[in-house]
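Engineer: Residues per chain are reported as follows:
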Amino acid sequence: MTDIIIHCLVALLIPPLLLGVIAKTKAAFAGRVGAPYLQPYYDLYKLLRKGSVFSETTTWVFRAGPIVTLAATLIAALLVPLGRHASPISFSGDMILFAYLFGLSRFFTTIAALDTGSSFEGMGAAREVTFSCLTEPTLFFALITLARMSKSLNLSTILTHPSPTAWLADGASMLLLAAALFITLLAENSRIPFDDPNTHLELTMIHEVMVLDHSGPAFGIILYGAALKLFVLGAVFINVALPIATGNALADWGIFIVAMLGLAMTIGVVESVMARLRLVRIPQLLVGATILSAFAMLLVLR
Amino acid sequence: MTISHDPTLYLLTAATMLALSGLPGLFFRSPASGQRAAAFTAVIASLLGVFAIITLLEGTPGADWQIDWPLPFGPAIFSVDQLSTIFLLPLFLVTGCVSVYSLAYWPAREQPGARKLTLFLGLFAAAMVVVVLARSSVLFLMAWEVMALAAYFLLTTDMQSSEIQRASTVYLITTHTGTMALLVMFSLLRGATGTFAFPPAHTLSQAVPFATIIIVAALLGFGSKAGLMPLHFWLPGAHANAPSHVSAMMSGLMLKMGVYGILRTLSFFEALPVWLGWLLLLLGVWSAVNGIALATGQRDLKRLLAYSSIENIGIVFIGIGLALIGIQTRSPYLVVCGFSGAFIHIINHALFKSLLFMGSGVLIHGTGSREIDRMGGLARRMPLTSTLFLIGALAICGLPPLNGFVGELFLYIGAIMDGINSPLPLAALVAPILALVGGLAVITFVKLYGIIFLGSPRSDSASLCHEAPALMTGPMVVLAGSCLIAGMAPSLLVRLVTPVVESYGNVAKSVMQQVTSQVPVLPLTIANCMLIILGLGIGALYLWRLRKLPLAFGSTWVCGYPAPTPRMQYTGTSFSESMVNLLGSLVAPYRRKPAMDGVILPQKARFIYEVSETVLDQVLTPIFLWIGSAFSYIRRLQHGQLHIYMLYIFITLFVLMLWSH
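Protein sequences appear in the order of chains V and E.
Take the first sequence: its position 253, counting from 1, is numbered 251 in this note's numbering, and each next residue is one higher.
Take the second sequence: its position 45, counting from 1, is numbered 84 in this note's numbering, and each next residue is one higher.
Because the hints were derived from the structure by calculation, they are not lab data.
Note that the structure is predicted; figures quoted are calculated from it, not measured.
Ideal Cβ positions, reconstructed from N, Cα and C, are used throughout, including at glycine.
Do not take every clue at face value.
Claimed, not checked - In silico DSBU-like pairs for lysine-lysine, Cα to Cα no more than 35 Å straight-line:
#1 Lys22/V - Lys587/E
#2 Lys149/V - Lys587/E
#3 Lys44/V - Lys548/E
Said to hold, decoys possible - Here are some chain E residues the structure puts well away from chain V; computed CB gaps all over 12 Å:
#4 Leu259
#5 Gly574
#6 Leu575
#7 Gln608
Stated by the list, open to error - Not close to chain V: a few residues of chain E, all C-beta gaps over 12 Å, as computed:
#8 Thr47
#9 Met56
#10 Leu87
#11 Ile106
#12 Ile116
#13 Lys155
#14 Ile212
#15 Gln367
#16 Gly437
#17 Thr483
#18 Tyr488
#19 Ser615
#20 Val619
#21 Arg630
#22 Ile690
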């Protein structure tokens, strides 16, 4: 019971902090002081109290987009295990629901973008669906590999199964999986090298350009939903890449939160040292990630 | 046998009512009252059919009906079993909805050819019922031909356009080539069993002469009807050009008759060859991936839906292939998940594809065009239709909480369990492929829904659109409601297919239970409810904030540009362009770019972009043209002189008599 409460609290409260850590890391690289760590929380608070501007072309779809996206991501956050503890909702086959919830949220984000009738947002939506389509097989190769290792169809079991012993036994496979999942994490969350979350009016944009027209509380919901998605996919990555379990429940939670903050720093470092890829190169990297995870599956077959 | 409570009798009565439904209309003075009478009869027949199926599912078995007719091919046998119910339930549901819809979509008062349309619509539905009930080959073939020809006459309701003429000719040739394969198959079957009656399930040994040819002929004949690649080429043209409610029946129901034929033929055999499961799986994967890839690039609303039907048939065959592989390798989880996934998807596809085709009928009615890139902004003008279409689009992408997810869930679980258990999990590769297909489906249907219903109108006809009458939206509400209910409570679907999987796949009850316990049926309902409650909760909070805060309305932000026009919006073609480019030769659209060289102010130019049908345009049409010219001398025999024709008949009979003596 305590674990469920901690799970919900961590999943609800930590995500914006990740954005703060990423921004701080990038500021440090650029030699700036940077916004405070808690800046995303201030932003959310501010947005929830702001008025909204709606385009006259939009319909209810535009308003429903952010809501459905957040609801689907919240359910996904309840399915993924955090800090070596089973998730609050866990059943056999939940990994497929997990993957498809992101499909649902993508469907609504993109139709909300198309609802504005702006060609910028149409462009962003087209890129979003195209690139996500290429990351989907990666996720499933990874899930099959992990399922085979743990002999389970349950997301909680397969993600808490990796351990230092598993890394020693199937090191190569785990390394490939971690790499593929990290690329998926960056691509799905529109981070550099796939997309630059800081610019707003460049044509190579994916996520930010889709939400150009949202304002006020709706934009707050989108910002929070994006942070939550980063958190959820980050948790999947951390479960595979850093499978440290002490046996002490509280210590595990502490390790998990530190690891998530470390992941946010890593993303900040990646964003600071890399340039965004040219748009035509992105599919190549994504297919590359799929092949990495297919390799991982091949290696556990031995 | 108690006549009073016999599902077969109910079904036969329903079929007769459907077949005769259009007949009174031929004698009525006003075609409109004939159409109304036909729709009324069809709805009653559908209700009777659904009642019969419920009776069957409650455990009352249907009697076998044997009618000794004077034909020399043995008696006509009708029977109904578990496998039939999977096909009959959507058949009656969709037929009822379609006949109501046709009252407003093809009103007899305004449209020509309504009498013919009504007559053949009833005949078409009735023939499909008989196809599913027939248990002797001659009866089956007769019903099959009535179905195929009724579809042809429905397709040619409006023979004015050359596009329809071409599509219907291609359809007619294909369906008869398919029937030819079926004739071969049933003749060989007759040779193997000595009777025209269908052999009982699992009785035919694989050692019977020509077993392989029987199976291959069935694959050719039924596969071409199902639209399995590479025999799909007739389908996009036929489905796009038929009246929309006919497309709904062709796509939602007639394709499934091909699937039914293959399943029924396979059930005769005691054991099946090893390669068959893999072949069906490969054909399924090919159809799914290539079908949805071609759908992504389409600009024509109904062609897009037609290609997506090929994709969905592919998914059904992936399920059947997995199950057959499971039978070979003795993996019960593959058998159960494969068959369950395939059967559930058969029902689901009938529901959401009919819904989408009916929706496309509303759009064509309103805008007079099938071109996606000329629509836009219709959600404001037809709010109900747009919501129903959205439900159909979400369902066909297999997204929760709708029914499309349930069938795919079974296939995923089967594939991943293979990944866990099998030493060489080749079947597990289905999971990432299905994920890719799902991703492409999201591209396709976001494009379809977004470009048609959202943004601002791209043409005058789109801006003058209005909501459809209740006779059209009513049946769509029924179908969309079924999609939602089946998605929220998947246990209904699972209960429907469980007895079929047990009897068809020869699976023991305990095994069935053990495997389905791995599939989250009840948890899915809970998760779906949570999703909806969360969505409503966040929505309520959002609306509460909106009410307290200032609101402003303006035009869409286009980066400061002051005068955006609807033509500056992203089109469907540009939306899918990057994916189409990535798919390379799978789609390979034909592009002709205007030359813009050397002039400061370029002249007017034309840009052509077309996704062509490779198999038909580049392989079959040239072959047929060549055959046509090579055999043109035979046409001299056809000269229109009746007495010479009679001479031909006489000579033929004479030669045959000499030969037989």
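Engineer: With reference to the structure, classify each hint as holding or not holding.
Structural biologist: Cross-check of the supplied hints:
no. : hint                : verdict
1   : Lys22/V - Lys587/E  : 34 Å, holds
2   : Lys149/V - Lys587/E : 52 Å, violated
3   : Lys44/V - Lys548/E  : 59 Å, violated
4   : Leu259              : 32 Å, holds
5   : Gly574              : 4 Å, violated
6   : Leu575              : 9 Å, violated
7   : Gln608              : 5 Å, violated
8   : Thr47               : 38 Å, holds
9   : Met56               : 41 Å, holds
10  : Leu87               : 38 Å, holds
11  : Ile106              : 47 Å, holds
12  : Ile116              : 42 Å, holds
13  : Lys155              : 40 Å, holds
14  : Ile212              : 36 Å, holds
15  : Gln367              : 20 Å, holds
16  : Gly437              : 7 Å, violated
17  : Thr483              : 9 Å, violated
18  : Tyr488              : 6 Å, violated
19  : Ser615              : 7 Å, violated
20  : Val619              : 10 Å, violated
21  : Arg630              : 18 Å, holds
22  : Ile690              : 64 Å, holds
Violation of the numbered hints given earlier is confined to hints 2, 3, 5, 6, 7, 16, 17, 18, 19 and 20; the remaining hints are satisfied by the structure.
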